[in-house]
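Visitor: Each chain is listed here by its residues.
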Amino acid sequence: MNEKADRAHGTESETQARIAELKYSLHQMRQNPLVLAGLILVVFFTAVAAVATLLVSNDEAFMFDFGQSYCWSNAVFSWTQLEATCPPGTNFILGTDGFGRDLLRMIILSIPLDLKIAFLIVAAASAFGVALGAIAAWIGGKFDEAILRITDVFFAFPGLVLALVFAALFGRTVQTLTLAVLLVWWPTYVRLTRGQVLVEKEKTYAEALKSIGVSPARIVLFHIIPNAIYPIIVQMTLDIGGVILTFSALIFLGFSPSPALPELGNLAADGINHVFTAPWLIVFPGLTILLIALAFNLMGDGLRDILDPRLRR
Amino acid sequence: MIFVLFGVSAIVFYMARGFPSAFAPWAQYVSEKLKPGQLEAIIKAHGFDQPLYIQYWYWLQDVFHGDWGYSNWANGLPTYYVFVSRFPFTVELTIAATIFTVALGIPLGILSAVKNNTAIDHVARIIALTGYSVPSYWFAYILQLVFFYYFYTWGLPNLPSGGVISQGLAGTVPTITGLPILDGLLAGNLTYTVDALAHVILPAFNLSFISLGYLARIVRASMLDVLRQDYITMARSKGLPERIVIYRHALRNALIPAMTLTGIFVAGLLGGAIITETVFSWPGVGNVSLRAVFLGDSNFLLLYCLVTALIIVVTNLVVDVLYLFIDPRIKY
Amino acid sequence: MAHEDRGPILEIKDLTVNFKTYRGEVKALDRVGLALYRHEVLALVGESGCGKSVTALAILGLLPRNAFILFGQVFFKGTDLLKESIEQKREVRAEGIAAIFQDPVTFLNPVLTIGVQLKESFLVQKHLGYANLQTGEENKSPGGEIREFLMRRDSPGTEAQREGISGREKEKIAKELSSKILDLVRLPDPERILTQYPHELSGGMRQRCMIAMALARRPSIFIADEITTALDVTVQAQILALLKELRDSIDASTLLITHDLSVAAETADRVAVMYAGNVAEVATTKQLFRNPLHPYTQLLMKCIPDIRKLVVRLESIQGNVPDLIDPPTGCRFHPRCPFAMEICRKEKPALKSMGDGHLVHCHLY
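Chains as they are written, first to last, in the numbering used here: chain A, -15 to 297; chain B, 16 to 347; chain C, 4 to 368.
With the rest of the complex left out, here is chain A (with noise of 0.2 Å):
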């Protein structure tokens, strides 16, 4: 009984220290211009997501209109000469597309889809590779070893190549793309993981708590992977920028599904032939990617130095 009243004791404390914790860390985060700037635009992308389909029905993206393709509208700014202006009496901000669709309108159903792929993909990925990543440090020998090569091979895949021939082969649609990048992309939390985990795996609380009989699954998952959850947040909150970008990319390179997808490299996609004459189509939807890559990777970059425990009081 009084076994239970001390573990009960423990736990207090060290939740009250991560409490004291997490004040620190948003304390330092409300200081951080950058990272303020970065949750800004994020949760105006996820608001735009959310709200995207009440904004533009998803009919919209496959009845075309052919009739105003490549047009560009927009009276304030012109691009060359060369653009072909819609007919008149229509109104598209940022122009049409090749199937004659408001470009500003797909680019806000798109952003829905790549936002949940790349928060899907991220989610797998990191839950994935963490566990195992734990594992094998936790378990050490001959299981981690093995487990270290086959990081190793993936590793050893430059870039896209592996995503890419994955793709080739099992067909385009999005599911076969969401599981090519994440293919290229769980072995980093692997790493990560293992890397945490070994240090934490020294520490004397981890030899306390082994001493006293916890069982290792309780140890790994309510005391160690806590501790080590800093860089992996750091991780994933950059990879779901990463992640859109790969994504996109693959999708931009020829893999597309189906023309007509709503999506932010596809539409890109679309205006590889038309660079000079109707560059709106590759310059926004790009534009939006970098704008998420960047609101993530600026909130990612900024944690990382906020957690970052050398700098921190």
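Honestly, the hints are just simulated from the structure, not real lab data.
Among the hints, erroneous ones may be present.
With a straight-line Cα cutoff of 25 Å, these simulated SDA-like cross-link-like pairs (lysine to any residue) come out [said to hold, decoys possible]:
(1) K289/C with L367/C
(2) K187/A with A4/A
(3) K126/A with R263/B
(4) K129/C with T248/B
(5) K289/C with I320/C
(6) K175/C with V260/B
(7) K23/C with R263/B
(8) K30/C with G10/C
(9) K130/B with P67/C
(10) K16/C with E5/A
(11) K86/C with E50/C
(12) K130/B with R68/C
(13) K351/C with E269/C
(14) K130/B with A4/A
(15) K130/B with R263/B
(16) K187/A with E5/A
(17) K80/C with S356/C
(18) K92/C with R243/B
(19) K7/A with F21/B
(20) K23/C with K126/A
Could you slot chains B and C onto chain A? The hints should help.
Guide: Relative to chain A, chains B and C alone:
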């Protein structure tokens, strides 16, 4: 290291041949003039009907005898020829991109660290972060749009939109190293060299813009760490001008981690920057590999993946060894 | 020139420094006042966290970014250092006040050789050449040249050389002087040491190198911040002896910062005791140890076990070091003081001179 190579080749092999898709490995032996029974004969002869691990074994044997197979789209040329003839262009691009990255990224990181938490720092960090938030294909097209198209329409001297050398100058200089800039210098042909330089600027800058963000970040982080050390306080207490404190005392310590990053970056680039090479029609290895993926050229892909994996592994080793020389504290 | 000798070469008045931290403002120094005279060793003694190092950093102009000097003056040869520009402060560090720190492992740059780090101490000075070295006279004793060099800070002989020395000449001179100065600090095989890195030397050797780097700049004041703390006792004794020797041959004063009373007793002419950002007592070494006036000093003395007596239990001062974010009102020592009175809680004690240069900040007097 051997395991890595085996692993890479096994994965690619399995994916290339083990799945029903357009990657029919016998496609390169097929022509219109084939009679009905000949296809089966060919399949049998090359062992394409055997279980996968036996096929892998055959392939390994072929490789050790120097037979990397034929590329089924480049007019049946041997794959190693395709690779080797393109590789120098990738090397030229890599060198140019590395120069840009280092020349721009390191000062950016130093600036950020020295002026920490000021407006300059924030601007520098945003530039660095934009670097690795930018979609490389998009940036490539923007560069082309501005420096090729708009400069032209505005009457400014413009940079070429792609290729390694202008049409009219191709072949006017003997190919010694395969790198156009070097060949031009060696032949003493200034027009050729300048033209080659003009062609490499945009793609190199495109590549470097992305990695200078990473480099600036690392340099900044390690500079900040170093500037907090006691020996910097000591150096300042000696009355040394701040310039010397930063460049002689701090930088030498801070650049050590940046070295690994540059090494990894170079290794990745040598594998061919697929997107950049495609957009700028740069006839390098990455460009070719994209086409190989689309055309199902498993032979070429295998060679390509293995060579790049080898480059990456070797570069990591080289960087580790370099550490021993740069950091006097490390003794083997 | 002689009449200036009786005034202090360094005088700190009312120095008050705060640090801004997440948890609040740390009132690190509270109206600190000190005087350092020519050719003496003043020991600044106190426990960790009492503000000794902060004082040193404030004098040098090397306080971290989150530190704020609220008011106060630091007079060095008549000029208030705190009002100088950054460039002027740097010049003072280069040729006026030299600091020696503890634990040279972290204070010496690990990727530069000792030679480089020593040479730059020579090269940072404006006037390097002097007549004797140029003409290479040989009738000096082996250590003579270097001592001459160290003696002459702005001697007329150097005037003539001032403009004519090229960079390369300077480098050569600096190199020669480097190995000679290592000799002076009693390091064997100086040529070899110049090519080595800090981690290749022992702690005592590193400390001597640091002393050499400070010596090379021919300062008027040495600030030695806990220089013996990271060394074992035998090496400690050697370093202190070296310091004494050097002090005698060069006309410089030393501010010796330490938490170890015995080090102060052995090397210092005068001692200043600090507690929680205040100066408690200043006296000559003899006065302090024979007749400590401030309760804190008295308790400190009691804590030192007498080697001649049998001690069953070590004495300690009751209570804890105060939190400087919210320091005690009035005299900062009053919560732990056995003689605390009502007034101690309300007012900070003013400086009282008890004659013969014995100063104390306490309401008892």
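Visitor: Please go over all the hints and tell whether each is borne out by the structure.
Guide: Against the structure, the hints:
Of the pairs offered as hints, the one joining K289/C and L367/C holds, with about 21 Å between alpha carbons and a cut-off of 25 Å not exceeded. Proximity of K187/A to A4/A is assessed by CA-CA distance (about 21 Å); at most 25 Å being required, the pair is judged to hold. Restraint check: the Cα-Cα separation between K126/A and R263/B comes to about 45 Å, which exceeds 25 Å; the hinted pair is violated. For the suggested pair K129/C and T248/B, the alpha carbons sit about 21 Å apart, so the restraint of at most 25 Å is met.
With a CA separation close to 23 Å, the supplied pair K289/C and I320/C stays within the 25 Å bound. For the hint pairing K175/C with V260/B, the CA-to-CA distance comes to about 22 Å; that is within 25 Å, so the pair holds. In summary, the hint linking K23/C to R263/B is not supported, as the alpha carbons are separated by about 31 Å, beyond the 25 Å threshold. Between the alpha carbons of K30/C and G10/C the distance comes to roughly 30 Å, so the proposed pair goes past 25 Å and is violated.
For the given pair, K130/B sits about 14 Å from P67/C by alpha-carbon distance, which is consistent with the 25 Å threshold. Simply put, K16/C and E5/A have alpha-carbon atoms about 40 Å apart, too far for the 25 Å limit, and the pair is violated. Between the alpha carbons of K86/C and E50/C the distance comes to roughly 30 Å, so the proposed pair goes past 25 Å and is violated. The suggested pairing of K130/B with R68/C holds, with an alpha-carbon distance near 12 Å, which does not exceed 25 Å.
For a cut-off of 25 Å, the pair hint linking K351/C to E269/C is broken: about 32 Å separates their Cα positions. At roughly 30 Å between alpha-carbon atoms, K130/B and A4/A are farther apart than 25 Å, so this suggested pair is violated. Our distance criterion of 25 Å between C-alpha atoms is met by K130/B and R263/B, whose separation comes to about 18 Å. Proximity of K187/A to E5/A is assessed by CA-CA distance (about 19 Å); at most 25 Å being required, the pair is judged to hold.
Our distance criterion of 25 Å between C-alpha atoms is met by K80/C and S356/C, whose separation comes to about 24 Å. Distance check on the hinted pair: K92/C and R243/B sit about 20 Å apart at the alpha-carbon level, within 25 Å; holds. Using a Cα cut-off of 25 Å, the hinted pair K7/A and F21/B is violated, with the two alpha carbons roughly 49 Å apart. Taking the CA atoms of K23/C and K126/A, the gap is about 51 Å. The hint is violated against a cut of 25 Å.
Figure legend: structure checked against the earlier numbered hints; hints not met, in rising order: 3, 7, 8, 10, 11, 13, 14, 19, 20.
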